[in-house]
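Asker: Here are the chains, one letter per residue:
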Amino acid sequence: MQTLREFTRKTKRGNILKIVREHYLRDDIGCGSDICQHCFQNDVYALTADHDLQSSLFKYPHYLVLDTNVVLDQIDVLEEDVLRNVIILTTVLNEVKHKSSSIYKRINEIIHDRRRNFYVFVNEHHKDTYADREPDETANDRNDRAIRIATKWYDNHLKSSQVSKSFQRSGRQVTRVVLLTDDAGNRAKAEAEDILVATASEYVKSLSDHPLLADKLSHKTFANEKQALPQYPPHLSLREILEGLKQKKLLQGSFQASRENYLEGNVNVEQYEKGILIQGRESLNRAVDGDIVAIELLPQSEWSAPSEIVLEEKNVYADDLPSEERTEEEKVMLQQVRAAAVVDAERTPTGRIVGIVRRKWRQYCGILQPSLIEDTSRHIFVPADRKIPRIRIETRQAATLQNQRIIVTIDNWPRNSRYPHGHFVRSLGPLGDMNTENEVILLEHDVPHCKFSEEVLSFLPKMPWTITPEDYAKRVDLRDLYICSVDPPGCTDIDDALHCRELENGNLEVGVHIADVSHFIRPGNALDKEAAARGTTVYLVGKRIDMVPELLSSNLCSLVGGVERFAFSCVWEMDKEANIIKKRFHKSVIKSKRAMTYEEAQVLIDDSTQDNEIAKSLRHLNRLAKILKKRRMDNGALVLASPEIRFQVDSETHEPLEVEVKQLRDTNSMVEEFMLLANISVAEHIAAEFSECAVLRRHPKPPTTNFDPLIKAARYQGFEIETETGLSLSHSLDKCVKADNPYFNTMIRILTTRCMMQAVYFISGSLQKEEFFHYGLAAPIYTHFTSPIRRYSDIMVHRLLAASIGADSTYAQLLERKSNEELCHNLNYRHKMAQYAGRASVGLNTHLFFRGKEEDEEGYVLFVRKNALQVLIPKYGLEGTLYLKTDKDGKDGHERAKSTVVFTFSEEDHTQRCGNVVFHSFDPVTVRLSLDSSNVQHEKLVFRLVKPYIKGFSVETGSESAADVAAPPPTKKTKKNQKKK
Amino acid sequence: MAGRFELLSEQGLRLDGRRPHELRHIKCKMGVFEQPDGSAYMEQGNTKVLAAVYGPHQAKGKKTETNDVIINCQYSQATFSTSERKNRPRGDRKSQEFKMYLQQALSAAIKSELYPRSQIDVYVEVLQADGANYAVSLNAATLALIDAGICLNEFVVACTASLSKSNIPLTDISNIEEVSGGPKLTVAALPTAEKIAFLEMSERFHIDHLETVIETAMAGCREIRDILEAAVKEHLIHIGSAADWGRVC
Ligand SMILES: [Zn+2]
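Chains as they are written, first to last, in the UniProt record's numbering: chain A, 1 to 981; chain B, 1 to 249.
Keep in mind the hints are simulated off the structure, nothing from the lab.
Mixed in with the good hints, there may be bad ones.
Once the Cα atoms are required to be at most 30 Å apart in a straight line, the calculated DSBU-like pairs of lysine-lysine come out as [said to hold, decoys possible]:
{"no.": "1", "chain 1": "B", "residue 1": "K99", "chain 2": "B", "residue 2": "K195"}
{"no.": "2", "chain 1": "A", "residue 1": "K701", "chain 2": "A", "residue 2": "K626"}
{"no.": "3", "chain 1": "A", "residue 1": "K105", "chain 2": "B", "residue 2": "K99"}
{"no.": "4", "chain 1": "A", "residue 1": "K18", "chain 2": "B", "residue 2": "K165"}
{"no.": "5", "chain 1": "B", "residue 1": "K165", "chain 2": "A", "residue 2": "K127"}
Here are some, though not all, of the chain B residues that point toward chain A, as calculated from beta-carbon distances under 8 Å [as the list claims (entries may be wrong)]:
{"no.": "6", "residue": "L13"}
{"no.": "7", "residue": "S174"}
{"no.": "8", "residue": "H209"}
{"no.": "9", "residue": "T212"}
Negatives, chain A to chain B, calculated, CB over 12 Å [to be verified]:
{"no.": "10", "residue": "S102"}
{"no.": "11", "residue": "R106"}
{"no.": "12", "residue": "R145"}
{"no.": "13", "residue": "Q300"}
{"no.": "14", "residue": "R352"}
{"no.": "15", "residue": "N403"}
{"no.": "16", "residue": "N416"}
{"no.": "17", "residue": "L503"}
{"no.": "18", "residue": "R584"}
{"no.": "19", "residue": "V589"}
{"no.": "20", "residue": "E613"}
{"no.": "21", "residue": "I711"}
{"no.": "22", "residue": "R749"}
{"no.": "23", "residue": "E770"}
{"no.": "24", "residue": "G877"}
Since the structure is predicted, the reported quantities are computational estimates derived from the model, not experimental observations.
Glycine included, every Cβ here is placed at the ideal spot set by N, Cα and C.
Bound-form chain A, shown alone:
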């Protein structure tokens, strides 16, 4: 069964080594075809004789063998459910794995889809298809040859099964094997060896039943461009880059394009705290946001400063040559910036990109730019993300795609093309449609959101689900306790409930009961893997993307009122001063007496006529919570603010009806306090039990430079912010109160929030104890235990806690540091993305809300920029830019006559002055909000100044404002803004 074959390989590890490895060739590898009469098949047949794909090139049934370049470049074609009966050779699979892990993952997903009939043939270990590397043969040539050998073998192998008399009598056509390759050399050799061969593009275009599949072909070049002149400097080869890096002539880092200025970007390089600035098209040299690039630092005399100018690219058309005007504009911008930088002391290291180490291209959402010429297949795609350049694509369905959100991917970016080349992947649906827009948000934030697969669902408990006597035996019965839950209105995934009762010794027993999700999700099964990959439930306005299937999230795990549910309980005995005397953890069965909203709970507490057990319990909890909170504040926990709003959403159209700022009641803080306490108690426990692998959460103290903008802003107002410790920061924030500006303190806290670091999950074994600290909460140790329905971290913590108290068994991965570290990494990423997606959804709904409306709102200047004011509208928790200088097109989309209004920016105290109107940070203003829909993809809220009134700049507000005109020009002291309806 096994034969021995040795082969040699040379690798570089400082010096050249000869490596000898065993390589076993086998005769027990099946071909996977149901036509075959020879092979021992160890699996279900992946390849079948039925073939319904009509190709004008190959008019008989055929299997396809794909060359590596076809898998790498045409993965979007492969993902379409068109090509079937495809043989993937391990030679190809290995090459794909080395070249692109994301495509490797995608091809594997296709292979795993049984309906697609993709079969992996281990040609590298098959005795008849193994190709030994010949002397002087490159690895690439060897692989090409191996692919041809395997194709040839398959064809002959199948032929030999189709020569029998009975087969001929059946009248079926002989199934052949076709090689698809985009490599001209390989193709020529294949033809010489009598192999059926075609390029991917020839083959796809030959499929008469699927004319649109051709849109998804990857485009490396476009016909009319071959003669065009290079517009960019060449890239260094990878070898030159490595050499340059070694000699420290070059630096390497990840490129981040500026969202505001398409001619600017930044490269994060280790040694440079603020990264290295890249300015101008040639310096950017075809880098796309996220790419790992090699850069050359410019001499200090050529350093520049970030422009702080918002510059958006104008529309161009597919056939445009680079217009003089545009190049001119770019030059002007660069000169201006450089000139400014000479005077400016804020020059930063500046460089230019000389090569690409690794592309991080992904799929991009966006729209087609309307074409000037009818009937053209060449189009320009405008990505939704401003950091991504426009992309040239070819499509025959432009008319249908015109008002749709589509996905496009980049194929390459040659020197002679202003824009990268790409191809159409799929359409998401009509523009402006709520489902489409949500889909865009989810895709742009890499939120896994497809339906749960059958396999995942198969691990759900079978309904009707009942609690068995064994379950009761294993758990503490708490059904008699007056447990209740308090949540926002409309909450269906209730993961926590509380109780408090007086004990005979006069102490209080407080219990936090958390949904026992880990009882239902067993480690390692498909359900668990899916939940771990999703990491968190994502909340969009009016839509929830669950981490676990609904049966669990809204039913079996959710601690709804009046129903028996499994819980993981954390129970403390406390004295009346909220000092913990004892704590214990156990699994339990509870029956929540009532599921309340914050408001209902508040009413119950406040209504002194109510004297039932729940009311008593809540009052105790509320009182203890206040003590706990005070204690936490005294330790230096921070009260931070971020404007949070809620939309009332129409249940049918899913469009926002009303906006309200989230109200905070005592009861919110009550629940929060006990959740924090439970999290801290559990964190202490699991960190003590599992010194290596406990999943914890920390919040690092921000580096002092993070606070600079806050300190500056406060100093202009005459306040000093101490950032030495959390406690001193907290105290100095409390002192920031201005009698004439009630919102001032909140704004300072909003700015403080922006100085903070991200809190992250980590593994206890990976850091020193001192680094466990949670800065925001001023807690030495912290974790997440209380929301297992919507956070996977909590499920892990539950498992650890359960293992430590003997309530559940451990398993290998639970105790493995490395796998837990990787898990934390994913959770941190998913949480960040979920947060961004949530914000994007709020932004989207704000826009919908303002569609067709114009409203004047009171706001505050959050900070002053060189050409704009950043304005915050507390009512909507909304922040926007009020541009002060207009360029000739009217940057905010509103044409204005050339105005004589000039604003002067003072670097010294960060103010903008126009006449005798001066804008400081935190000044109140009234602005008119309206939606600018001129760019369908980037609808944006336009902020226009109403008050203070500046003639020729502020909005004229009819008769009412006439009075203002007559009045003496308002200064910043004018505070008589009244809201207009």
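Please build the complex by placing chain B with the ligand on the supplied structure of chain A, with the hints as guidance.
Answerer: Quick look at chain B with the ligand alone, frame taken from chain A:
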């Protein structure tokens, strides 16, 4: 198990093309030298080991004070045994460790009651190292002992096992599998008696998997035992045929 290379492909083959339970190709030969009392050469894949046995002979020096047989092992690895040629001083820490392990396993097999106040010297030299060096050394030593005519309770053989990411146990770990970061378990056993003479782990296994991995290594031991047994018979027929002994068997 982050960063660890997948040891088993989805098609069910290991990096070198073996299935999970398969041993590497084994070749062995007894009586390769004339000088020692017993010798053997053993190849398990690309791991190649020579073993030579001297004795039993009278124990020397202080060692005579005990009544037991003294098993004196020496383990060394040739400079050219790995792709990077390293000078390995004899008696470095690793060799010392392996020497102890060899002594431990061999003393479980040798019928010590037959050799009081005697000494048996076992020299093992790894010519080429490609994983499971200890296990192959022990197997070679066993053959050399048999070649020297020393009475054994039973074949003492060793085999390694590992665990793939998908928790499938793998038999007989090659060097590439070792360096790819899989955990390694080595068992030296008396397979018929189902006794374990020696067990070593490169890292901790979770208790859920330990049993199956040990069982896999034991199954490997049994298979190697059968191969060695066949080789011994073959050898006997061969040398026997010269003296016409072969027919006696
Ligand atoms: Zn076959």
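Asker: Against each hint, give a clear statement of whether it holds in the structure.
Answerer: Cross-check of the supplied hints:
1. Distance restraint check for K99(B) and K195(B): the Cα-Cα separation of roughly 21 Å lies within the 30 Å cut-off, and the hinted pair is therefore satisfied.
2. Of the supplied pair hints, the one linking K701(A) and K626(A) holds, its CA atoms being roughly 26 Å apart against a limit of 30 Å.
3. For the proposed pair K105(A) and K99(B), the alpha carbon gap of about 46 Å is over 30 Å, so the pair is violated.
4. Taking the CA atoms of K18(A) and K165(B), the gap is near 29 Å; set against the 30 Å cutoff, the hint holds.
5. This hinted pair checks out: K165(B) and K127(A) have alpha carbons roughly 27 Å apart, not beyond 30 Å.
6. Among the interface hints, the one on L13(B) holds; its C-beta lies about 6 Å from the nearest C-beta in chain A, closer than the 8 Å criterion.
7. Below 8 Å, beta-carbon pairs count as interface contacts, and S174(B) has one with chain A at about 7 Å; its hint therefore holds.
8. Of the supplied interface hints, the one on H209(B) holds, with its beta-carbon coming within about 6 Å of a beta-carbon of chain A, less than 8 Å.
9. Hint status for T212(B): violated, given a least beta-carbon distance of 12 Å to chain A, over 8 Å.
10. For S102(A), the shortest C-beta to C-beta distance to chain B comes to about 17 Å, beyond the 12 Å cut-off, and the non-interface label holds.
11. A cut-off of 12 Å between C-beta atoms confirms that R106(A) is not in contact with chain B; the least separation is 15 Å.
12. The claim that R145(A) lies off the interface holds: its Cβ sits roughly 19 Å from the closest Cβ of chain B, which is beyond the 12 Å cut-off.
13. Its beta-carbon lying about 40 Å from the closest one in chain B, Q300(A) satisfies the requirement of being farther than 12 Å from that chain.
14. Every Cβ of chain B is farther than 12 Å from the Cβ of R352(A); the closest lies at roughly 35 Å, confirming the non-interface assignment.
15. Every C-beta of chain B lies more than 12 Å from that of N403(A), the closest at about 43 Å, which supports listing it as non-interface.
16. The claim that N416(A) lies off the interface holds: its Cβ sits roughly 41 Å from the closest Cβ of chain B, which is beyond the 12 Å cut-off.
17. With a cut of 12 Å on Cβ distances, L503(A) stays outside the contact zone with chain B, its closest approach being about 40 Å.
18. The claim that R584(A) is not at the interface with chain B holds, since no C-beta of that chain comes within 12 Å of its own (minimum 26 Å).
19. The beta carbon of V589(A) is kept farther than 12 Å from every beta carbon of chain B, the shortest such distance being approximately 28 Å.
20. At roughly 45 Å, the least C-beta separation between E613(A) and chain B is larger than 12 Å, which holds for a residue marked as non-interface.
21. Against chain B, the non-interface label of I711(A) holds: every CB pair exceeds 12 Å, the least being about 40 Å.
22. No Cβ of chain B comes within 12 Å of the Cβ of R749(A); the nearest lies about 38 Å off, and the non-interface call holds.
23. With a closest Cβ-Cβ approach of about 25 Å to chain B, E770(A) is found to remain outside the 12 Å limit, as its non-interface label requires.
24. Against chain B, the non-interface label of G877(A) holds: every CB pair exceeds 12 Å, the least being about 39 Å.
In the structure shown, a violation is registered for the earlier hints numbered 3, 9, in ascending order.
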